[in-house]
Amino acid sequence: MKIATFNINNINRRLPNLLAWMRAAKPDVVALQELKASDGEFPAAAIEKAGYGAVWRGQKTWNGVAILARNAEPVLTRDRLPGRPDDHEARYIEAAVRGVIVASIYLPNGNPQPGPKFDNKLDWLARLKRHAKTFIKQDLPVVLAGDYNVAPTQIDIYPTRSWDKDALIQPKSRAAFASLVEQGWCDAIRESHGDKRIYTFWDYKRNRWPRDAGLRLDHLLLSPALASRLAQAGVDKAARGEDGASDHAPAWVVLR
Numbered sequence: 054m055k056i057a058t059f060n061i062n063n064i065n066r067r068l069p070n071l072l073a074w075m076r077a078a079k080p081d082v083v084a085l086q087e088l089k090a091s092d093g094e095f096p097a098a099a100i101e102k103a104g105y106g107a108v109w110r111g112q113k114t115w116n117g118v119a120i121l122a123r124n125a126e127p128v129l130t131r132d133r134l135p136g137r138p139d140d141h142e143a144r145y146i147e148a149a150v151r152g153v154i155v156a157s158i159y160l161p162n163g164n165p166q167p168g169p170k171f172d173n174k175l176d177w178l179a180r181l182k183r184h185a186k187t188f189i190k191q192d193l194p195v196v197l198a199g200d201y202n203v204a205p206t207q208i209d210i211y212p213t214r215s216w217d218k219d220a221l222i223q224p225k226s227r228a229a230f231a232s233l234v235e236q237g238w239c240d241a242i243r244e245s246h247g248d249k250r251i252y253t254f255w256d257y258k259r260n261r262w263p264r265d266a267g268l269r270l271d272h273l274l275l276s277p278a279l280a281s282r283l284a285q286a287g288v289d290k291a292a293r294g295e296d297g298a299s300d301h302a303p304a305w306v307v308l309r
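In my numbering, the protein residues as written are 54 to 309.
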């Protein structure tokens with residue numbers, strides 16, 4: 054079973070890129086982020102024609118998350134992260150596909166920091182940790198997939214000082230991500246590749262893609278019930294180099 058996460062950065066603008074990648078990669082499940090489309094603007098017909106069922110939660114202009122399943126219909130289990138009823142941003146969706154629960158996560162960026170946006174990022178991570186703990190307690194097969202907007206360690210960002218004040222690499226962001234993983238989650242990319250520098254995001258600015266000046270922001274965390282099934286994990290880096298590409302590349306895991 055191949056499960057991928059892809060921050061598509063506007064699903065309608067980059068629909069050709071998404072469909073071409075799905076034809077080539079043949080993922081069984083895709084967690085999408087940054088749809089940048091309302092519910093009614095989601096390209097359901099094109100996704101269905103490509104052979105995928107879908108559940109989604111859109112938001113006009115920003116955010117938006119979805120889960121696609123090849124030759125299957127995802128069973129929606131949750132369309133928002135619990136813990137704050139006043140949070141109306143479309144950043145979390147969760148569905149069951151072939152016996153596995155998959156979450157698509159688009160964590161707040163948190164910039165500028167310090168400030169209320171950074172506080173919201175840390176609060177969101179704390180809420181995610183509380184929700185994730187319920188999966189661990191129930192020993193469920195779960196993949197928490199998405200754009201966490203956290204580069205967990207120094208090897209998850211190219212050698213530079215230019216991001217030192219950015220919310221993506223702050224000690225508090227990294228500590229919150231580490232605390233989540235320490236519940237018992239397996240960081241599939243890091244588990245598979247050790248200390249190798251692997252990136253999933255290359256900013257459009259400052260020639261960062263040609264320079265391979267990237268960050269690893271997109272993660273697939275496997276619950277203990279799935280960790281033993283990890284066969285492979287990787288990043289389809291070439292997708293970032295296509296015409297009209299998102300600034301993220303798809304990351305994926307294969308389960309036995």
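Heads up, a few of these hints could be off.
Simulated pairs of lysine-lysine, DSBU-like, Cα-Cα distance not exceeding 30 Å [said to hold, decoys possible]:
{"no.": "1", "residue 1": "K170", "residue 2": "K102"}
{"no.": "2", "residue 1": "K290", "residue 2": "K113"}
{"no.": "3", "residue 1": "K113", "residue 2": "K79"}
{"no.": "4", "residue 1": "K258", "residue 2": "K225"}
{"no.": "5", "residue 1": "K190", "residue 2": "K218"}
{"no.": "6", "residue 1": "K113", "residue 2": "K182"}
Bear in mind the hints are in silico, worked out from the structure with no lab data behind them.
- Item | Agreement of K290 and K113 with the hint, judged by alpha carbon distance not exceeding 30 Å | holds (28 Å)
- Agreement of K113 and K79 with the hint, judged by alpha carbon distance not exceeding 30 Å: Holds. K113 to K79 sits at ~29 Å (cutoff 30 Å).
- Item | Hinted pair K190 and K218, Cα distance within 30 Å | violated (36 Å)
- Query: Quick one, are K258 and K225 close enough, alpha carbons at most 30 Å?
  - Reply: It holds: about 26 Å lies between the C-alpha atoms, which stays within 30 Å.
- Message: Holds or violated: K170 and K102, Cα atoms, limit 30 Å.
- Response: violated (39 Å)
- Has the given pair, K113 with K182, been kept, meaning a C-alpha gap of at most 30 Å? Holds: K113 and K182 sit about 27 Å apart, inside 30 Å.
The structure is inconsistent with the numbered hints 1 and 5, although it conforms to all the rest.
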